[in-house]
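Trainee: Spelled out, the chains give:
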Amino acid sequence: MSAMRASDMNIKGEVVAMLGFAGAAVTLWLGMMWAPSVSISAFKAPDAQRIFYWHVPSAWAAMIAFGLLFIGSIYWFFKRSDWAWRLHVASSEAGLATGLMCVWSGCIWGAAEWGVPWDWTDVRLNTFAILTLLSLYLVMGRRSQPDGVETRDTFAAFGMFGFALVPLTYIATRLWQIRHPGPVVATSEGSLNSDMSIVLFLGAISFTTLTVGYVMAGMRLTKLEMRLEELQGQYEERMK
Amino acid sequence: MSGQTYLTVAYLGMIGALALWTWTVFARSKTLQNKIDSLEKALARDESE
Chain A
1 MSAMRASDMN
11 IKGEVVAMLG
21 FAGAAVTLWL
31 GMMWAPSVSI
41 SAFKAPDAQR
51 IFYWHVPSAW
61 AAMIAFGLLF
71 IGSIYWFFKR
81 SDWAWRLHVA
91 SSEAGLATGL
101 MCVWSGCIWG
111 AAEWGVPWDW
121 TDVRLNTFAI
131 LTLLSLYLVM
141 GRRSQPDGVE
151 TRDTFAAFGM
161 FGFALVPLTY
171 IATRLWQIRH
181 PGPVVATSEG
191 SLNSDMSIVL
201 FLGAISFTTL
211 TVGYVMAGMR
221 LTKLEMRLEE
231 LQGQYEERMK
Chain B
1001 MSGQTYLTVA
1011 YLGMIGALAL
1021 WTWTVFARSK
1031 TLQNKIDSLE
1041 KALARDESE
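Chains as they are written, first to last, in the working numbering: chain A, 1 to 240; chain B, 1001 to 1049.
Treat the hints as calculated values from the structure; they're not laboratory data. From a predicted model like this one, the values you see are computed outputs, not experimental measurements. One should not assume that every hint holds.
Counterexamples of contact, computed for chain A against chain B with all Cβ distances above 12 Å [said to hold, decoys possible]:
(1) Trp54
(2) Gly67
(3) Val149
(4) Leu231
The following label-pair restraints were derived from C-beta to C-beta distances [as the list claims (entries may be wrong)]:
(5) A:Pro146 <-> B:Ile1015: 48 to 56 Å
(6) B:Thr1005 <-> A:Val116: 27 to 35 Å
(7) A:Ala164 <-> B:Glu1047: 49 to 57 Å
(8) A:Gly233 <-> B:Leu1012: 42 to 50 Å
(9) A:Ile130 <-> B:Thr1005: 38 to 46 Å
(10) A:Phe161 <-> B:Leu1043: 39 to 47 Å
(11) A:Trp114 <-> B:Gln1004: 37 to 45 Å
(12) B:Lys1041 <-> A:Asp47: 28 to 36 Å
(13) B:Ala1042 <-> A:Pro167: 45 to 53 Å
(14) B:Lys1041 <-> A:Phe201: 42 to 50 Å
Below are the DSBU-like pairs computed for lysine-lysine, each with C-alpha atoms no more than 30 Å apart in a straight line [to be verified]:
(15) A:Lys12 <-> A:Lys79
(16) A:Lys240 <-> B:Lys1041
(17) A:Lys44 <-> B:Lys1041
All C-beta atoms in this analysis are idealised placements derived from N, C-alpha and C, irrespective of residue type, glycine included.
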């Protein structure tokens, strides 16, 4: 019975991630082919601006993943819950995937619009990159270290304190607008054209769905890894 | 490389990378499940012998 429930959960995670991926692919296509072009005078590379429909939703999804990472880390740290540890692991992987998408798309746009893919003086760019590197460290670190309470505590501490960068990243363009553009949705200077808003909204829904699917599937994967480790231990005991 | 080609390659790279990541999540799940099934069978066989 329990195996049946676990299997159903696995399928749910796969379906949700596939739906999110399909939505992200449609968003990319709509952004390229259907969304209206921006003013040629406002941008140096108006075609490259279309990457916005992928870049902003992936940043949004990464922030959700980093938020879940914080919840999993803090709950593991104080409650020692396996569920929380699995959330920590799954959301660090989801944060890495969506964070890399955001950094990659940002570099492509930066190269086309600014002439350089990166600006080391821009606070928003650098705090977001550190968040993505933090999730890379958590993913790689967990795979290279033996599992145990001390290891989990160390990674959970990084997950908790690293979260401080999330609000900093959010307010960075409001406090220090160096190179990264400021907010464009529902600001005092107006908002997006309705067709642009539709594509952006679809992108946000799709990337959120993709992140939820990754987290569900990742939590299931971690459970499977724990079960495998337990079985390997039993098998080695028998072989002695 | 022209601007349009550069963007097309970049877009295809992004969607391809995301597809690959999604696929590896499912592939890892399948591999782990197969290993667990084999070990469970081996342990059950040892118990019955």
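Trainee: Against each hint, give a clear statement of whether it holds in the structure.
Mentor: Here is how each hint holds up against the structure:
1. Trp54: violated (7 Å)
2. Gly67: Check passes; 20 Å lies beyond 12 Å.
3. Val149: For A:Val149, whose nearest Cβ neighbour in chain B is about 23 Å away, the distance exceeds 12 Å, so it holds.
4. Leu231: Nearest chain B Cβ is 4 Å from A:Leu231, so the label is violated.
5. A:Pro146 <-> B:Ile1015: 48 to 56 Å: Since A:Pro146 and B:Ile1015 have Cβ atoms about 36 Å apart, the given range 48 to 56 Å is violated.
6. B:Thr1005 <-> A:Val116: 27 to 35 Å: violated (20 Å)
7. A:Ala164 <-> B:Glu1047: 49 to 57 Å: holds (51 Å)
8. A:Gly233 <-> B:Leu1012: 42 to 50 Å: For B:Leu1012 against A:Gly233, whose Cβ atoms are near 44 Å apart, the range 42 to 50 Å holds.
9. A:Ile130 <-> B:Thr1005: 38 to 46 Å: This hint is violated: roughly 32 Å between Cβ atoms.
10. A:Phe161 <-> B:Leu1043: 39 to 47 Å: holds (41 Å)
11. A:Trp114 <-> B:Gln1004: 37 to 45 Å: Cβ of A:Trp114 to Cβ of B:Gln1004: about 19 Å, so the range 37 to 45 Å is violated.
12. B:Lys1041 <-> A:Asp47: 28 to 36 Å: Violated, at about 56 Å.
13. B:Ala1042 <-> A:Pro167: 45 to 53 Å: holds (50 Å)
14. B:Lys1041 <-> A:Phe201: 42 to 50 Å: With a Cβ separation near 49 Å, B:Lys1041 and A:Phe201 satisfy 42 to 50 Å, so the hint holds.
15. A:Lys12 <-> A:Lys79: Given that 30 Å is the threshold and the Cα spacing comes to 27 Å, the pair holds.
16. A:Lys240 <-> B:Lys1041: Between A:Lys240 and B:Lys1041 the Cα gap is close to 18 Å, so the pair holds against 30 Å.
17. A:Lys44 <-> B:Lys1041: Judged against 30 Å, a Cα distance of about 63 Å means the pair is violated.
In terms of the numbered hints stated before, the structure departs from hints 1, 4, 5, 6, 9, 11, 12, 17, listed from lowest to highest.
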